[in-house]
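Order-wise, the sequence lines are chains C and U.
Heads up: the first sequence is residues 511 to 607, going by my numbering.
Heads up: the second sequence is residues 11 to 384, going by my numbering.
These aren't lab readings, by the way, just hints derived from the structure by calculation.
Please read all numbers here as calculations on a predicted model, not as lab measurements.
Check the hints yourself; a few may be wrong.
What the hints assert, rightly or not - Chain U residues, not near chain C, derived (Cβ > 10 Å throughout):
| # | residue |
| --- | --- |
| 1 | Glu37 |
| 2 | Pro104 |
| 3 | Gly105 |
| 4 | Gln129 |
| 5 | Glu250 |
| 6 | Leu252 |
| 7 | Arg253 |
| 8 | Glu268 |
| 9 | Gly269 |
| 10 | Glu278 |
| 11 | Val290 |
| 12 | Leu305 |
Unchecked claim - No farther apart than 25 Å at their CA atoms in a straight line, the calculated lysine to any residue pairs in the SDA-like style are these:
| # | chain 1 | residue 1 | chain 2 | residue 2 |
| --- | --- | --- | --- | --- |
| 13 | U | Lys136 | U | Arg264 |
| 14 | C | Lys525 | U | Thr293 |
| 15 | U | Lys147 | C | Gly606 |
| 16 | U | Lys240 | U | Lys277 |
| 17 | U | Lys367 | U | His379 |
| 18 | C | Lys529 | C | Phe571 |
| 19 | U | Lys92 | C | Glu604 |
| 20 | U | Lys367 | U | Ile317 |
| 21 | U | Lys147 | C | Arg607 |
| 22 | U | Lys240 | U | Ser291 |
| 23 | U | Lys277 | U | Thr287 |
| 24 | U | Lys147 | C | Glu604 |
| 25 | U | Lys277 | U | Glu117 |
| 26 | U | Lys367 | U | Ala71 |
| 27 | C | Lys513 | C | Ala541 |
| 28 | U | Lys277 | U | Glu296 |
| 29 | U | Lys136 | U | Ala295 |
| 30 | U | Lys92 | C | Thr557 |
Even for Gly, the Cβ is constructed at its ideal location relative to N, Cα and C.
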Amino acid sequence: MFKRLGDIGATLTLKVDGKPIRARIGDTVAAAMLAAGIDHCRTTPVTGAPRAPYCLMGVCFDCLVTIDGVGSRQGCLVSVREGMEIETQTGKREAGR
Amino acid sequence: MAADEYDVAVVGGGLVGIATAWGLSREGLRVAVLDEGDRAVRASRGNFALVWVQSKGLGLAPYAGWTIRSSNAWGGFSDLLKQETGLDVCFQRPGGFTLCLSEKELEARANTLKRLHNQPGMIEYKTEILDHSQVAKMLPDIGPEVVGASYCPLDGHVNSLRLFRTLHTAINERGVAYLPSHRVENITQEGGVFRLATTQGEVRAGRVALAAGNANMRLAPMVGLEAPMKPERGQIVVTERLRPFLNYPVVTLRQTDEGTVMIGDSKEESTDPTGLTLGVSATEAERAVRFFPLLASANVVRTWSAIRVMTQDGFPIYDESATHPGAFVLCCHSGVTLAANHALTVAPMIARGVLDKTLVAPFSARRFHVQETR
């Protein structure tokens, strides 16, 4: 879907739903997921429609994911870190998680 | 009869007005609802959506019976609305809680309920005081600070925005004339016909039902009635949608059918619906987290303030005019809880042209004069 422009330099590895993906240092979680070809990061709470990162600037809240156990985080506002555990979010967030 | 003439003009397009208009339409009357515009201060869009019984009626015992009548009628009311519109207002009646965070709070709660239920003429129903472990059986996510609660099996809640939409859909389908941006400026009665002067011309009707919330204070004297009101502001904090964890409404906290958690029952002496007192929201949120610690990580997506419709003593007012026959006034705080009564009990009275004193005599505004002293 998306292709990197040229050499991406140093990389790190994070996990999305248990699968390792490679990301460029400085990527946001949302950008890394898009670059890895992940076509949606969550499903909506009421109708269950799939959603992908959209505005990439913190406004639309469509890139919500669970990051290291904390739900409903905006993937476009969080930079990747080595060993980060991302989970796509299915429907409503679980309270306390 | 001209196109601008109706059997009944209902003034106010909030929950009280449209529930009454729906009920009048069911009686076969031609009804108009005169409403303000989109900028109206509308409690029906800001309310907490409880269909609530426990603790109602301290100081006026018949209010408890009136509330229970509506609570009992609510299931049938929502079924009727669903049959007509296909829309589900999500009425649920699992019983409800008032949670207490200290022994002192719990004792005060028990005393209030004792005084309530000891009143002469009080209808009998059950409200239990439960300790922490009894509450935890029904609400497993309560925090350690919750020492106990009162629980009443008659309490419930609805999706109130959907109720608002459903009633508007229902009156529209029934041919009720909904007239927005028709703020009523003056009402006169000539030859048995009420003439309502509005910002968009005159509307005529054989009867008038004032259901304009706090604005009844301004309108009621035009037809020989009175509605002493004391508006107050409440604030609500709303979280993102969460998986269901709360199977019962709590008086200050509920999870909607769609997963949203609503928090708040603050009271402020303000009539400004556009502002928000941050300290009040913070206190509401802090207590909510002490009730249910798992809420600490939930994201808040909205907060709002709204003006409560409140009579001076907090109890409803239902009156008919002695000087202007055919004019009625309806005021109440609990437009959601009492919607079934307004639709199924009060509207038929207005259709017959006379209030049934055996049911609503205690709610006449005449009560405000009895104890007036100098």
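Violations among the numbered hints, reported as their numbers in ascending order: Going through the list in order, the structure violates hints 5, 6, 7, 8, 9, 12, 14, 19, 20, 29 and respects the others.
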